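Go by the hints and put chain A onto chain R.
Protein chains in written order, with this note's numbering: chain R, 892 to 1356; chain A, 892 to 1356.
These aren't lab readings, by the way, just hints derived from the structure by calculation. Please note that the accuracy of each hint is not assured.
Identical chains blur together in the list; that is why a pair holds if it fits in one copy or across any two.
Pairs of lysine-lysine, DSS-like flavour, derived with a Cα cap of 27 angstroms [claimed, not checked]: (1) 1255 to 1179; (2) 954 to 944; (3) 1255 to 1185; (4) 1237 to 954; (5) 993 to 1255; (6) 920 to 1130; (7) 1068 to 1255; (8) 1058 to 1237; (9) 1185 to 944.
Every value quoted in this text rests on a predicted model; they were computed, and no experiment measured them.
Number of protein chains: 2
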Amino acid sequence: MSDIETVLAQVDADLDSSLERLFALLRIKSVSTDPAFADDCIACADHLVADLKSIGFDASRRKTIGHPIVVAHGGPEPENGDGPHVLFYGHYDVQPPDPLEKWQSGPFEPRIVETPQGKRIVARGSSDDKGQLMTFIEAARAYVNVNGRLPIPVTILLEGEEESGSKSIGPFFAENKDELTADVALVCDTGMWDAETPAITTRLRGLVHDEVFITCPSRDLHSGMYGGAAMNPIRVLSKVLAGLHDTDNRVTIPGFYEGVSELDPEIKAQWDGLGFDEAEFLGDVGLKIPSGEKGRSLLELIWAQPTAEVNGIIGGYTGVGSKTVIPSVASAKLTFRLVGEQDPAKVLENFRAFVRERIPEDCKVEFSPEGGGAQALQLPLDSPHLAAARRALAAEWGKDAVLIGSGGSIPIVGDFKRSLGMDTLLVGFALDDDAIHSPNEKYNLSSFHHGIRSWVRIIDELAKG
Amino acid sequence: MSDIETVLAQVDADLDSSLERLFALLRIKSVSTDPAFADDCIACADHLVADLKSIGFDASRRKTIGHPIVVAHGGPEPENGDGPHVLFYGHYDVQPPDPLEKWQSGPFEPRIVETPQGKRIVARGSSDDKGQLMTFIEAARAYVNVNGRLPIPVTILLEGEEESGSKSIGPFFAENKDELTADVALVCDTGMWDAETPAITTRLRGLVHDEVFITCPSRDLHSGMYGGAAMNPIRVLSKVLAGLHDTDNRVTIPGFYEGVSELDPEIKAQWDGLGFDEAEFLGDVGLKIPSGEKGRSLLELIWAQPTAEVNGIIGGYTGVGSKTVIPSVASAKLTFRLVGEQDPAKVLENFRAFVRERIPEDCKVEFSPEGGGAQALQLPLDSPHLAAARRALAAEWGKDAVLIGSGGSIPIVGDFKRSLGMDTLLVGFALDDDAIHSPNEKYNLSSFHHGIRSWVRIIDELAKG
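Excised from the complex, chain R in its bound form (with noise of 0.2 angstroms):
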C-alpha cells in the first residue's frame, strides 16, 4: 500500500471511534449567542484543546473579548520548507436549538438515525460546524497515527462566535497576525453540490444584522380603553417590515443595489448547466413560488442577490388565549446578505433611514449596538491550492468538484484576505437537507467518512505541491 492509501485505511478502520470523538463534541451545548450558555463554551474550547493534545498539536485556549478561540500548531516546522503551511478553520459554537418542540430528540443528545439513503448523525451543530471541523481532526489524527506526524506544516483555529457575529476574530488577528499567517487556509463550513457530488464553494454572500425596536405608547394599554386613540407598534412595524419588498419581490431601500451587477452571462450558463432542479429544492421544504426578484434562476437568486429577511419578530402578547392589549413595543431582528461590492455600512445606514422615515413622529425607533456586518466575496479561480483540492476531491468521489456559490456568509474569510493576506480554499461536505439552524439538524455519516477521506487526500495533494 502506498503511504496515502494506509492512510485511508487507518480512517476507515478507526471510524467508529470517530464517531465518539464527534459524539462528545457534540454534546456540549456551546450556543454562543445567549450568555447563559458561556461556560459551555469555555468547556468545549477545553475540549478540543485536549484532544488537539493528544495527537501531539501545541494546543490552547485562547482568551478573547468574549467566547475563547482555540489554536493549535501541528506538522514540521514552516520554515523547513515541506509543503505549503495551512491554517484550517472551523467554528465550536453552534445556534440555540429552538424551537424545542419539534425535535425527535434532544438537540445536545448525538444519535445515529438509519434512512434509506443511509446513516444520519442527528445534533445540533452536527453539520453547523462540529461534524464539519471534525472530518479535518480525523484526517490529521490518521496521518500521525500511521507516520507518527503530518506532511505539512497544519494551524487549527476553532472559533467559539462565528454563530453570533465573530465580534473576537477581528482584534485576535491583529494581536496574533503572525503566529496565524499562513500560506492559505482552510474552511469546512460549506456544503457539497448533492450526496454524491463534491463542490468547493468559490463565492459567498456577505452579511448585515440588524435589530429595531418601535416604542408608540409609554407602556401596555387596554385595547378597548385606548383603540382608536393610542397607536399601536405592531401595526407601525408591520408597515415597515411589508414595505421592504416590492411586488417583483425587489427591495425597496433605496441605494440598496448599489454594487449589484449582473451575473457574468458565462458564470450565468455554468449555473444554468448544473442542471439543478428549482422545483425539488422548493418543493422539499413545501414551497413552489421563489421568494426573490421574479425573472431569475433560483440558483441566481441564492448566489448572487441579495436579500432583506425578517428572522425574527415579537410584540404585544404571545402567550396562551387572548389579551386585549396595545403593547408599548414591537421588535425585529433582521439579516440582509450581499453580494458584489454591495458595503454592509451603507446598506445598515440605509435601512436605517428607510425605518426612521416610517416612524409616526410621536413614535420612537431604536436599532441595536450591534448592527452591522461583512462584505461579499469572491475568491480566485487560478491558485495552485484550488488546482490540489480539486484533484484530492475527483480522486475520493470519482467526480469532479462543482465550482459553486453560497447563499449564506462566512465573515472570516474575509478577515483572512484582509488581516492575513491569505486567501482561502472552502471545502465542505454539508447537504442542503442537513437542516442547519433548525430542528432535526443532521450531518450525513457518509459526509462524515469521505469529508474524513478527502482532507486526507487534500493534505497529500497540497504535500505534493
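Using the frame of chain R, we list chain A on its own:
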C-alpha cells in the same frame, strides 16, 4: 342619623377591614386565560363563596365547562315585593401579569402606595375587577352589619372567564334562567369620568377576537441557504397586517363598516361639551396623534368607531442575539372593537377572507378555533333604575354623573338582555390611569371607599323605588 347615614358611617368605620378583605382576594392568582392557573381560579371562587356566606348570602361555587361561577342570593325573597330584585355582576378573574419585569412590586402582592393625588391600591385586578366587585360586596356587608339584612333582593353573580372569552356564561344562563333573572342587572366593571366625577356607561363596543397562523416553508430554514428562494411567513404576515388600515387610518377589510352609522348630532354635541382634553389623554401615554380615522374626535374614536388591533405577534428567533433563520410559522392575535350594528360573525368572516386573499398560493393560513365575539350595545336612557343611580351618585360625589360610552367590551351585558331579558346599569369607579391589563395596575383608595358608599346609596334609592 337616618338609616342610610348609619350604613354609610359603618362603611367609613370598617374601611381598614374592607381593604384587608380586598387584599386577600388580590393575592389569589386567578388568571383565567392560562390553564396553568386553573386551580387558582377555583381557589378564588371558594374564597368568595366563604366570604359571601359570612354575611348571610346563600352562596355556592357552580361548575361550568370552564372556570367556576359564584352565585349568591341575599336580602328579602324577591316575591315579597321589596324594591326591585337586582342581579349584581362582577368577575373574579384577571389578565396575565406579564411583562413581569415592568412591575415595581409583585402583581399578586397588593400594597398601598401613597402619591400626591392620594392613596392607591396596586396589584393585578385591583381595578379590573376585584376592587370594583368588592365595592358592592362591602356595601352589602355594611347593610347586613347595621340592619341585619339588605333592603332589596340581591343576587350576586361572579364570573371567572371575563378576561378569556366568557365561554361558560352562555350555557350557564341557559341552564339557570329562572334563578338568575332579576329586574335589573348591576355591573361594576366600568370607569368614572374623572377622579371627582361619577359616570354611568350607556354604550359599549363589541369585540371580535381571532388568531392567525401563517406557514410558508415546512420547517425553519437557514437564511443564507434559502434567502431569495423560500418565502418568509413574517413577510407575508407583515403585508397582511400592514394592509389592515389605509392612510386615513380607516380599516380596509371589505364590508367592515357595515352597521356603523354616523353619530347622532345631539350625542356628538354632548360629548364635545364634556371638555375632554385629547392632548392630555394621549400625552399621558407619550403620544400626540390619534390612531383612528382622521377627522374624528378622540371620544368618538373610542366610544363610537370600530378598530382592528394586533394584540400580539411572534415568529422566528426572539431570544438574545441573532439567528439567521427563515421561520416556518409566524402568527398574530387580533381583536376588533365593534360599534352600532356591526355583526361579529360577518366581521370575523370578512377578516379571514381578507387574510386568505393575501396568502401566496404555496403558503398556508390557519385561524384559531376560538375566533368569535359579541356585538356592541346601547342601553336605554329612560329607565327608573338609571334615574335612581343618578340621584345616588350625585348625592355621594356632589356632582351629576356623566353619561358616557366605553371603548371596552362587556359582552355579558348583551347576554343579560338576550338570555334573561334584563337591562343593565353600568356603574364603576375605575379611572383612565388605572393601567388595567398593564403592569402596576392600581385602584384609587378613593374609588374603593366612595365606590362602596355609592352602592349603599344606589341600593337605598332602588329600595325607595
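> Of the hints stated earlier, which fail here?
Replying inline: 4, 6, 7, 9
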